[in-house]
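Q: Sequence:
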Amino acid sequence: MKVRTRFAPSPTGYIHVGNMRTALYAYLIAKKSGGTFILRIEDTDRERYIEGAVDVIYATLRKAGLAWDEGPDVGGQYAPYVQSERMAMYKPYAQELVESGHAYYCFCGKERLEEVRGVRQASGVPPMYDGFCKSLTDAEIKEKLDGGVPYVIRQKMPKDGSTTFTDEIFGQITVENNLLDDQILIKTDGMPTYNFANVIDDHTMGITHVVRGNEYLSSTPKYNLLYDAFGWDKPKYIHCSLIMKNATEKLSKRDGDATFEDLISAGYLTEAVINYIALLGWSPKSEREIFSLDELIEEFDPSAISKSPAIFDIQKLRAINGEHIRRMDVSEFKEHAAPYIKKTCSSDIVMEFLAGMLQPRTETLQDIPEQVDFIDSLPEYDTALYEHKKMKTNKENSLSSLSSILPVLESLEQWDSHTIHSNMIALAEKQGVKNGVILWPLRVAVSGKQFTPGGGVEISVLLGKQETIKRIKIGMEKLSP
RNA sequence: GGCCCGUUGGUCAAGCGGUUAAGACUCCGCCCUUUCACGGCGGCAUCACGAGUUCGAUUCUCGUACGGGUCACCA
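Going by the working numbering, 73 is the number at position 73 of the first sequence; the sequence numbering is gapless.
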């Protein structure tokens, strides 16, 4: 049978990293076996609905590369894919259950329910519905229905025995039936509850693998009882553990960079974020860690998903992001880096050349602006920068190095890395000093910074002859007693 | 509180009765090197606890502790 999975978010805002991972896993499971990945919007809750959230979902999934084969915008043979457009179909299913004895009408008002709950809680019994309306006679039901008394339809749970199901990750789980509440299927307003709509949609859309968060683990028996009541085949369940902020708190939107979008705007690459969250709670057979989305499809194995929750570690994301950056070819990196370079550098420089220097020392794109902020104008710097133990430099020999560098550079006809470099090395040799004694002062003079992308030679090339010479003169002035 | 689930270094994790308990990130050394990085090499550091089963438990069973989830006319 062809695998069909779905991602069914509610349009309530940005996509949380945890949800994103659930979507990813659902996508991977489908694609792994050449199956179908479906996007369904669960928008039955008007109060939580946020304008534009559906577009955010589209944009985010698209950016992440999780292309859906069926969905609201692309259609499909099981359309519509927006729950609010499917409203008419749920109630008949519930009525079918009433007729087959698996559900019943309930006319209890809010007050009575609260009373029951209160009593139960006080006596330490689980606050479930007491089944009051289950014993109503057909005549009583008809009378109330005809009289227009508001009602809900509740699922009739078995009173004894237990329900067992198998989760692909957690294995066999058994729950006593008497712990299952007669949950509401159809609300007073005629709308289905999430749990009910979910089952109906998953079945009518032919979903074979239900991939969802761990929070549904304990309500899965209720779902299965519903499938059984209808006589439908049950899907396979894959419950994913949560992603945590720390040992005791799960990742929340308040966390700042908890949403996928936040991470992207914080300078992380989509492929790197996808790569990292795939690794949170799942590990490949090999020791490889860096994967593109396509490579993940190849490598993914749902049976290797971990049962325990995982803590989100921004350090590791940074490292993985750095790996992805280094994997790109320079021109691709240049495309990504350019907007960040322009934040602090408007000089007319050779982008490709700068990008090449930046690439090995960039972990997130946001590292870039600070790295190139010396290009437009030489920052104020302390001459203490010229002192470096390992390079054997101090203010005195730095001054003399700069003084000897200056005429050499001024005399150069060619201005490229090779020419400058060989001339500097030759100069060091001629003076009988370590290369560092020449190159360190040069780098400080042209950058005014302790850390820079590339060395003095590269920076000189980048800045051009005129600017380089100007900065060396400034350095000499600063060092002069 | 009831029920369900989980627990290998600081973090992600491999492991499926006998291992020197992989690997990655972080941190620390060293090498490379015109800084910082990158790259290479090496190091620190882990089986929550207590019983049992077994010749032998990280691995199986049962408790305990800790943590999470769930108990709505929310999704």
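Heads up, some of the hints might be wrong.
[What the hints assert, rightly or not] Computed Cβ-Cβ distance ranges for the label pairs, DEER-style:
1) Tyr78 <-> Arg117: 36 to 42 Å
2) Val74 <-> Ser219: 38 to 44 Å
3) Arg117 <-> Pro158: 18 to 24 Å
4) Val74 <-> Thr248: 36 to 42 Å
5) Glu47 <-> Lys285: 44 to 50 Å
6) Gly13 <-> Asp313: 38 to 44 Å
7) Phe451 <-> Ser265: 45 to 51 Å
Keep in mind that the hints were calculated from the coordinates and are not lab data. Model, not experiment: these values are computed from the prediction. Ideal Cβ placement from N, Cα and C applies to all residues, glycine included.
Q: State for each hint whether it applies.
A: Here is how each hint holds up against the structure:
A C-beta distance of roughly 38 Å is found between Tyr78 and Arg117, which places it inside the suggested range of 36 to 42 Å. At roughly 30 Å, the beta carbons of Val74 and Ser219 sit outside the given window of 38 to 44 Å. With their beta carbons about 22 Å apart, Arg117 and Pro158 fall inside the hinted range of 18 to 24 Å. Distance hint check for Val74 and Thr248: the Cβ-Cβ separation is about 41 Å, which falls inside the suggested range of 36 to 42 Å.
For Glu47 and Lys285, the hinted distance range of 44 to 50 Å is satisfied, since their beta carbons lie about 45 Å from each other. Hint check: Gly13 to Asp313, Cβ distance near 24 Å, so the stated range 38 to 44 Å is violated. Taken as a hint, the range 45 to 51 Å is violated for the pair Phe451 and Ser265, whose Cβ atoms sit roughly 25 Å apart.
The structure fails hints 2, 6, 7 (numbered hints given earlier, in ascending order).
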